[in-house]
Each structure stands twice: as structure tokens, then as C-alpha cells.
Amino acid sequence: GSMSKAINVYSIPELQQTLDEALPGTFARLQYKRSFRLIDTKLAVGYSIAAVAAVSFLLDKKFQFSEVLGYQQLLLAAYAVLSLAFWYFTRYVEKGVTYEGTKPDGEKITVKTRFANNEPVYLVQFVKEGGAELETRLAANKVFSEAGYLQTDLLFGWLKEQLETLGRKKLQ
Amino acid sequence: MFSLLQRFQTVSNQAVTYACLIAAFIALSSWLQLIQNDAFSVPAIVSNIKPTLNVRTSRYYGSQNGKPKQNSKLAFDLEADLERLFNWNTKQVFVYLTAEYNGSERPETKSEVTYWDKIITKKSDAHLSLHDIKSKYSVWDLEDKLEGRELTFKLKWNIQPRVGPLIYGETVGNQTVILPNMKQSQKKKKPKQNST
Amino acid sequence: MNIRLELSRFLKLCFVLSSAFMFWKGLSIVTNSHSPIVVVLSGSMEPAFQRGDVLFLWNRNEMSKIGDIVIYEVEGKSIPIVHRVLREHHSETKNKQLLLTKGDNNAGNDIPLYANRKLYLQKDKDIVGTVKGYVPQLGYITIWISENKYAKFAMMGLLGLSALLGND
Amino acid sequence: MSEILEEIKHKLVFPIDFPSQRRTERIQNVILAMGSLLSCLVGFYMQSLTHLMVIYGLSIVIALIVVLPAYPSYTRRKLEWARSKIVT
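Protein chains in written order, with the numbering used here: chain A, 31 to 202; chain B, 475 to 670; chain C, 455 to 622; chain D, 8 to 95.
Any given hint might turn out to be false.
Claimed, not checked - Straight-line alpha carbon distances no greater than 30 Å define the calculated DSBU-like cross-link-like pairs of lysine-lysine that follow:
#, chain 1, residue 1, chain 2, residue 2
1, C, 466, A, 63
2, C, 550, B, 628
3, D, 18, C, 606
4, C, 572, B, 610
5, C, 572, B, 547
6, D, 16, C, 466
7, C, 548, C, 531
8, C, 519, B, 628
9, C, 579, B, 630
10, C, 586, B, 596
11, B, 628, C, 579
12, A, 91, C, 606
13, A, 35, D, 18
14, A, 125, C, 466
15, B, 584, C, 550
16, A, 72, C, 531
17, A, 142, A, 158
18, A, 92, C, 603
19, A, 91, C, 531
20, A, 92, C, 519
21, B, 610, C, 579
22, C, 586, B, 628
23, B, 610, C, 519
24, B, 565, C, 586
None of these hints come from the bench; they were simulated from the model.
Could you build all of it, start to finish, from the sequences and the hints given here?
Here it is in C-alpha cells:
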């Protein structure tokens, strides 16, 4: 629906999740085209981990322990390797990137987001292709209502402003 | 800490974490106490071992298809002070008298059997001074005959902790006895006995 | 775009379930036992173990020692038994060991419990593991849930409520 | 049905303000750490697991009493939030 679910505005994880999930839509309103490179890789690795666990679970249900021990050892090794790959991906490749996209004119942008400990401030880093960078802060209480709804228009306005600042940065 | 449920979760998660650390502390400190108390070198004297043999034909005495099976029992004296095995993490001490022996038809077969055991739950009961007690179990072997075997007796113990790993050990002092022949055993109840 | 969002959310749930299961599986492969942690169900080892106590098993030892507390399974019976090794016979040349067990709190040995009128257990075939570690009473929750239908309903209700009220 | 649940869910949240979140987290850490340390020391000294468990249990209870409820002092520094616009 047009209205999202109400969240507890005093919960940092809920604030972060809501904002992270709202970013792609807001960029779309600004005519950005999202790149699904990172998220698709992450989903692929993630679901292969889940698939390995599911196969192991089914083998466990259908057969005796000793009958399928060799296969289970292989599956466990695969699970360990894939989990390590997933961890490496989130830690060193994704590095907190929430959004990747391109402007109609072909300019690429990467957005990293995070929250500091128990501080209701959304820390956003915009990186443009070519190196121009902007680090900015968005106080959560500026875009959320007391009842727990994200005011998408306010987020849109803020994002537009930031992107304009970033655009000026390149000129300097 | 943002909601009631989440506050409850953080408190209980952390409480469980610390509980694990506390359990590790209990297990480790009680283990060190055992070492400090020389628990692994408690002396024990098993003496006056009087074995007897008889023949059984019931399945519950090891006989298969009614074939006669030699069963062995004992009477013995025991002197051991197991108080050192008790500390705050000792729930019970299981003390058991075992005998090791080799096969006679197949000497490569090694066996160890329990003749007697006792559960001690209090430190005040841990000083054992027993005279002429009977073995709890009637022992038979894989082979039909037991007569003439050389048995090495040991008194072993197992500490069941309140939390942590199970600890096993044995007391110092072995005793070797040769089981009598069937005929000897029936004629006179006095067997040969060697001490080492 | 929404599909990816749903998939990401569902993946989190998958991770919770799969990591719990694979941890269990990993433990069972390391210990070589198909159930490396068991909850005591009977009082036959009292006072050492009471109903609800949690036992940690290890099954990489080739031979059991006398006095070891082992878990074994009997053909045709679903519940594993936790008893102490009373006798052991093994061959030095062949890797085979026969065991006779007994519950500390039982008067007699386990011969009446064994399958097919056997007199001994075989270490490599029948033994699920040897007890190495012990935590008291923690497993009572599982017994309580599986045996008391009101507790079962209460637990289901609680889970359902937390799923509905939870934020995921 | 789901609206009622949402309603209940919202009533049961009992949020506290951000500075208090930081503080309760720290207090809870200190209480439980001190409780476990004290319980180990007393338990070992008295050679009694009962003493240990009682002290540790008390520290958990204290932590729960201090941390769980949304006391008025935990909700004083609430923020000024954005005005909700009428959704069209």
C-alpha cells in the first residue's frame, strides 16, 4: 500500500531497515536507475548457503547417520566455505553499500549507510564515479513521525538537496 | 534497549553468557582443587580376596543354550579414604572394584569386569573401611571357563560433577589373585592368593 | 525490486534456521555421534543423572573403558539408553569390543534390554556416544514441552505471539 | 485482526529515549558482570554452589528491575519528531 508499517522510532535497527529500504524508491523518483550487482551476488551466495543446509537437513531426515556421513561431511565443508565467502563479501566487497545506481546521464553513484551506536543519526556517504565524495548526517527525527511512519516526501527533499551538494562538489 | 521485549532479550542473553563463564569457572576451579588435593593418587588397600566359582546355566548368568558357564564371586576387605575427591562441584563419587584378565583359549582377548561398586554422595561417607564384603556381581567370561585365570584388581572412581566434565581416576595399589580350579573351589573354600 | 526485498528478508529467516541446524550437524560430525547432546529421560542413573539433565557426548574413541557412561540404542526401540559400562571384552588384534552395561539405579544388568537375546552390546555398532560433560536440569524444558499438552499449547502460543509481535 | 495486533504490538513496545538506552545497556553490563564475579568469589570461598546461584540469580533480578520497565526518567528526553502529513 502507499502507507508503510509503523515502526518503533526509538529502535535503531528498525530506523536503519526502514531508511535502507526506502532509499531505492527515493532514488527512482529522482530518475536514478538501480544496479542490482551487489544485492544479486549477495542473494545468490546467501541462498546457496540455505540450499546446502536444506540438502543436509533432507539427507538427515531420510537416511541413517552412518549411511550418508561422507556426503554430510562434504556439505558441511561447502557450508563453511560459502559462509566464509558470504562474510568476506559483506565485509570487504559490499562494505555497507545500500544503493548503487546510475543517473540518466550515465553518472554512477554509490551510497553507504550506517548508524552510530544508540544515536538516532543516519550516517550517509555518497560516492560518485570519479571520486567525488560527500559524507552527511540525517537526524532520524527529521523524517519520521512520532507514530512511526517515514515521511517519504521529507526524505525525498533531503536526498535531492544532498545530491545537489554532491553535484556542486564536482565543479569545485 | 529500545523495547520491552528487546531489553528482556539483552538481559537474558547476557545472563546466559555469564552463566556459561561461571560454569567454566566452577569446572576449572574444582579440577584444580582435585589436583591440589592429590585426588589422582589416593591409596587403597584391597585385601583378603576370596574368590569362589560355580556353574550356571541361566541366560542371565551368561549361559547360552543351557551350556554350563563358570561364574565367579568374591569376598574381600577394602580400606580407602576418598574424602579428597569431594569439593563443591562433586555431586557423587562412583567407586568400583574391577578385575583385568587375559583370555586363556584366546590370549589376545583382554577383559575388564566390575565385581563391586558403590555410590557415595556425601563426604562423610567417603571413608571406606569394609570387612569381608561380598561382590555385587556374578562374573562370567566370553569363554565358558574362568578357572585358573590371573585377575588384577583395581579400585577405580568416577566423579559426577554438578556441572562440567566427568572425571575418572584410579587409586594406587593393585592386587593380583589367581582364580582356583573348579574342583579346588568345591573341595575347600581356601584359594591361592598372591599379593604384589 | 520488491522481489529482492522479500528475498532478502526471507534469507534472514533461512540463516537463523540453517545456522542452527548446521551447528548441530557440525557438532555431530566432529564428535562422530548422530546426537551429540542428549537429554536424560529416565531415572535409571540416579543420583548421577536425573530426568532433564543435559549430557554432552563424544564418540571418536575406538574402545570404551569400564566405568564409562555410554548411550546406546536398541533395535526397534526409539529411545536411547544412558547406562554405565560394567564389563568390557576386546581383542587386541581385531578392532572389536563387547560391552555389558547397567544403570546405577537398577538392580540388575541390561541383558533383558538388549535386542535379539544378545548378551553384549557392540561398541562400533550400538554405542551412540560416551558422556563427557554434564549440565543439570536445562533439558527439563524439552521434556516438559513434549510430555505436557498444556505446556505444548502455551509454548506454541508464545512462539506464535512473538512471531506476530516480533519485528522482522 | 491485523490492525488489532498492530495496536497491541504498539502498546507493548514501551520505548525509552536514546540516552537512556545507552545508560541502561551500560548499567546492565555492570550489574551482571559484578554479580557473576561476586557469585564466583563467594561461592568458591564458601564452597557452595547454592550461594553462587542465589547471588547470581539476585543480580539478574536486579538487572531486570533496573532495565526492564520504561521508568518516567527513561522517557524524559524524547525527541521532537517530524509532523505527519495527511496521506492522500
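Quick rundown of the hints versus the structure:
1. This hinted pair checks out: residue 466/C and residue 63/A have alpha carbons roughly 26 Å apart, not beyond 30 Å.
2. For a cut-off of 30 Å, the pair hint linking residue 550/C to residue 628/B stands: about 24 Å separates their Cα positions.
3. Restraint check: the Cα-Cα separation between residue 18/D and residue 606/C comes to about 27 Å, which is no more than 30 Å; the hinted pair holds.
4. A threshold of 30 Å between alpha carbons decides the hint, and for residue 572/C with residue 610/B the separation of about 22 Å falls inside it, so the pair holds.
5. Distance restraint check for residue 572/C and residue 547/B: the Cα-Cα separation of roughly 23 Å lies within the 30 Å cut-off, and the hinted pair is therefore satisfied.
6. For the hint linking residue 16/D to residue 466/C, the alpha-carbon distance of about 22 Å falls within 30 Å, and the restraint holds.
7. At roughly 29 Å between alpha-carbon atoms, residue 548/C and residue 531/C fall within 30 Å of each other, so this suggested pair holds.
8. With a CA separation close to 13 Å, the supplied pair residue 519/C and residue 628/B stays within the 30 Å bound.
9. Distance restraint check for residue 579/C and residue 630/B: the Cα-Cα separation of roughly 27 Å lies within the 30 Å cut-off, and the hinted pair is therefore satisfied.
10. A distance of roughly 23 Å separates the Cα atoms of residue 586/C and residue 596/B; the hinted pair therefore holds under the 30 Å criterion.
11. For the given pair, residue 628/B sits about 29 Å from residue 579/C by alpha-carbon distance, which is consistent with the 30 Å threshold.
12. For the hint linking residue 91/A to residue 606/C, the alpha-carbon distance of about 23 Å falls within 30 Å, and the restraint holds.
13. Distance hint between residue 35/A and residue 18/D is fulfilled; the C-alpha atoms sit about 15 Å from each other, no more than 30 Å.
14. Of the supplied pair hints, the one linking residue 125/A and residue 466/C holds, its CA atoms being roughly 18 Å apart against a limit of 30 Å.
15. Of the supplied pair hints, the one linking residue 584/B and residue 550/C holds, its CA atoms being roughly 11 Å apart against a limit of 30 Å.
16. Taken as a hint, the residue 72/A and residue 531/C pair is broken in the structure, with Cα atoms around 45 Å apart against an allowance of 30 Å.
17. Proposed proximity of residue 142/A and residue 158/A is supported: the alpha carbons are some 12 Å apart, at most 30 Å.
18. The hinted pair formed by residue 92/A and residue 603/C meets the criterion: a straight-line CA distance of about 28 Å does not exceed 30 Å.
19. Restraint check for residue 91/A and residue 531/C: the C-alpha separation of about 18 Å stays at or below 30 Å, so the hint holds.
20. This hinted pair does not check out: residue 92/A and residue 519/C have alpha carbons roughly 33 Å apart, beyond 30 Å.
21. Distance restraint check for residue 610/B and residue 579/C: the Cα-Cα separation of roughly 29 Å lies within the 30 Å cut-off, and the hinted pair is therefore satisfied.
22. Pair hint residue 586/C plus residue 628/B holds up; C-alpha atoms about 22 Å apart against a cutoff of 30 Å.
23. The suggested pairing of residue 610/B with residue 519/C holds, with an alpha-carbon distance near 19 Å, which does not exceed 30 Å.
24. Of the pairs offered as hints, the one joining residue 565/B and residue 586/C holds, with about 15 Å between alpha carbons and a cut-off of 30 Å not exceeded.
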